[in-house]
Amino acid sequence: MKKFWTRILDELSGAWIVTLKDIKVYYLRPGMIMFGFLMPFFMFFSFSVRRDMAAGEGMSRLLALTMFFTAAAAGPFIIPTERRLGTYDRLLAAPMSLFTLLLGKITVGAFFAIAVSSIAATVGVLFLDASIAQPGLMMAGIFIGSFTFSAMGLIFGSIPTRNPGDVQMPSTLIRWVLLFISGVFVPLSEMSTVARGVSYLSPLTYAQDLMNHAVLGTGELALWLNLIVLFFSGFIFLLPSIALHKRGRVLGY
Amino acid sequence: MPNAIEVQNLTKIYPSSGSGRGLLAVDQINFIVKRGEIFGFLGPNGAGKSTTQRMLTTLLTPTEGQIMILGHDLVDESYPAKRQIGLVPEESNVYTELTAWDNLMFTGRLYRMSRIDRTLRAEELLKDFGLWEKKDVKAEEFSKGMKRRLSIAMAIIHKPALLFLDEPTPGLDVQSARTIQKLIRQLSLEGTTVFMTTHQIEEANQLCDRVAIINYGKIAAIDTPEKLKQTFQQVQSVEISFTSSSKGLEDKLNTLPEVSKVLKVGDKWRLYTDSPPDLLPNLVRFSEKENLGIVSLNTLAPSLEDVFLQITGQQIGSVSNEPGLHKKGMKRKKGNQS
Chain A
-10 MKKFWTRILD ELSGAWIVTL KDIKVYYLRP GMIMFGFLMP FFMFFSFSVR RDMAAGEGMS
50 RLLALTMFFT AAAAGPFIIP TERRLGTYDR LLAAPMSLFT LLLGKITVGA FFAIAVSSIA
110 ATVGVLFLDA SIAQPGLMMA GIFIGSFTFS AMGLIFGSIP TRNPGDVQMP STLIRWVLLF
170 ISGVFVPLSE MSTVARGVSY LSPLTYAQDL MNHAVLGTGE LALWLNLIVL FFSGFIFLLP
230 SIALHKRGRV LGY
Chain B
115 MPNAIEVQNL TKIYPSSGSG RGLLAVDQIN FIVKRGEIFG FLGPNGAGKS TTQRMLTTLL
175 TPTEGQIMIL GHDLVDESYP AKRQIGLVPE ESNVYTELTA WDNLMFTGRL YRMSRIDRTL
235 RAEELLKDFG LWEKKDVKAE EFSKGMKRRL SIAMAIIHKP ALLFLDEPTP GLDVQSARTI
295 QKLIRQLSLE GTTVFMTTHQ IEEANQLCDR VAIINYGKIA AIDTPEKLKQ TFQQVQSVEI
355 SFTSSSKGLE DKLNTLPEVS KVLKVGDKWR LYTDSPPDLL PNLVRFSEKE NLGIVSLNTL
415 APSLEDVFLQ ITGQQIGSVS NEPGLHKKGM KRKKGNQS
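If you're matching them up, the sequences are chains A and B in order.
All residue numbers for the first sequence refer to our numbering, where the first residue is -10 and numbers rise by one.
All residue numbers for the second sequence refer to our numbering, where the first residue is 115 and numbers rise by one.
Keep in mind the hints are simulated off the structure, nothing from the lab.
For every residue, glycine included, the Cβ atom is placed at its ideal position computed from N, Cα and C.
Misleading hints may appear alongside valid ones.
To be verified - Here are some chain B residues pointing at chain A (derived, C-beta under 10 angstroms):
{"no.": "1", "residue": "Thr125"}
{"no.": "2", "residue": "Lys126"}
{"no.": "3", "residue": "Tyr128"}
{"no.": "4", "residue": "Leu173"}
{"no.": "5", "residue": "Thr175"}
{"no.": "6", "residue": "Gly179"}
{"no.": "7", "residue": "Met182"}
{"no.": "8", "residue": "Ala195"}
{"no.": "9", "residue": "Leu201"}
{"no.": "10", "residue": "Asn207"}
{"no.": "11", "residue": "Asp216"}
{"no.": "12", "residue": "Phe220"}
{"no.": "13", "residue": "Ile270"}
Stated by the list, open to error - List of simulated lysine-lysine pairs, BS3-like, C-alpha gap at most 25 angstroms:
{"no.": "14", "chain 1": "A", "residue 1": "Lys13", "chain 2": "B", "residue 2": "Lys252"}
{"no.": "15", "chain 1": "B", "residue 1": "Lys258", "chain 2": "A", "residue 2": "Lys13"}
{"no.": "16", "chain 1": "B", "residue 1": "Lys361", "chain 2": "B", "residue 2": "Lys343"}
{"no.": "17", "chain 1": "A", "residue 1": "Lys13", "chain 2": "B", "residue 2": "Lys248"}
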């Protein structure tokens, strides 16, 4: 039993080592700043300009958007870049399981999203005079959502290719589609029945509703449902990533 | 004590993108690498060298076969095996955004070395590799040779029992190449097993205790360099340089009965023969008859390069072929990776 826990701790420390290295190497890279930091803000402002929107409502949307877009940007950028440079081989050959490596990569994207979302929340409170109904829930939601969407981004990063461009295109496209069906730009309450049904398939719907609960104090869906769906989506997203990585090892990537 | 590497029936077929049968890159190979050996894995481009090495380092999943690394099955016990191996890929995969010191610290952490151990070891390696003065410089400012040295330092910071080197010296200046060759010898003396893939035949000849030659995905020969050379006595040669050259000289040299192949090598002629003692007097008579003065005359034992070319069927194609070895496996598909 002691051996088991020693191994678990060893694996967790491996994931943390990968995370720290990636933070140092990638957080200030232009690709990460562009796709992970600037893009969600640009999208938010291009949508919200000239719209009559309360500060709290705007902040709730901005938080969901930054959490989603930033977290999902890391995997598609970092892993193909590392594959191209050959540094990913160093990690794959290191003494850690594939799950540990992926956990480290998920944490990189999640931390980036938590940092960017925290900036968005600070700006909202200090400069837009927005108030937060449940700050604790907001932080918990950002934390869970960031890990979940980072795991989602990892699916694209796991596609066997050495060219980041091959991955960025489909991942950006799918993220855009999800933005429009998930109640970020058009609230759930204003959607048609069919559109609402489709929106339930997107985990971003639950993240947006969770942020509505946290910032505005009200949401369309039950709070517990938002938390459960977001939490388990992260684990479900890991499965295709693992399968794609295994496929990559068969193909030679 | 288990062998460093044991490979049984190792096969790799890359799946095809369409409905085809895939690409056979490595075909049922078997070999053993003993502990402490420097083992060279030679082969032309696309022969299956890198594919084999990537399977041995868990980067590529074999289609079939078993790999034992230091007594651990790579499928069931990859974790203890991975802790004991170091890998230097063909392209130096250092983190260019990090300093030399940070690259080493990261790798030390990756192999769970204590802070004291990795600090002491990093200092030792940077000094040994002539990088100490540049320890706080980002690797993006390093030359190719410096990156290569750093890449090797990262691979051995945890003192692996088994080191994989993929093409360690191509593209490097002579000084850097010699530094790395010296290092490989030193690692071997310290007990590290070295598995190196290369197509630098002379380098393998100088460094390796044993070599395997892979061609079209199959092991064509495996032995010590000297024994391999003895096996191929028909590729002995006589090298002669004349004071002058005459038209049609190559054709005339080819008519000598003991000569199987004539090659022009710079200002010299290399005459392949299986019997240099018989050729020499004939060659002297030939030069007198043709009125050609002899500047130099040397007999050459077969080099490892000759053996390699003979086995892989390259260039010296007309030298009498060794049945069962030459062009063996031609019917098989060539791998898409070397």
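A quick look at each hint next to the structure:
1. Thr125: Check failed: Cβ of B/Thr125 comes no nearer than 13 angstroms to chain A, outside 10 angstroms.
2. Lys126: 9 angstroms, holds
3. Tyr128: Status holds, d = 6 angstroms.
4. Leu173: 6 angstroms, holds
5. Thr175: 5 angstroms, holds
6. Gly179: At about 14 angstroms, which exceeds the 10 angstroms cut-off, the nearest Cβ of chain A leaves the hint on B/Gly179 violated.
7. Met182: 17 angstroms, violated
8. Ala195: Since chain A brings a Cβ to about 9 angstroms from B/Ala195, closer than 10 angstroms, the hint holds.
9. Leu201: 5 angstroms, holds
10. Asn207: 4 angstroms, holds
11. Asp216: Where the cut-off is 10 angstroms and the nearest Cβ of chain A is about 7 angstroms from B/Asp216, the hint holds.
12. Phe220: 5 angstroms, holds
13. Ile270: 13 angstroms, violated
14. A/Lys13 <-> B/Lys252: Holds, at about 12 angstroms.
15. B/Lys258 <-> A/Lys13: 23 angstroms, holds
16. B/Lys361 <-> B/Lys343: Given pair B/Lys361, B/Lys343 is violated - Cα atoms ~34 angstroms apart, limit 25 angstroms.
17. A/Lys13 <-> B/Lys248: Holds - the C-alpha atoms of B/Lys248 and A/Lys13 are around 19 angstroms apart, at most 25 angstroms.
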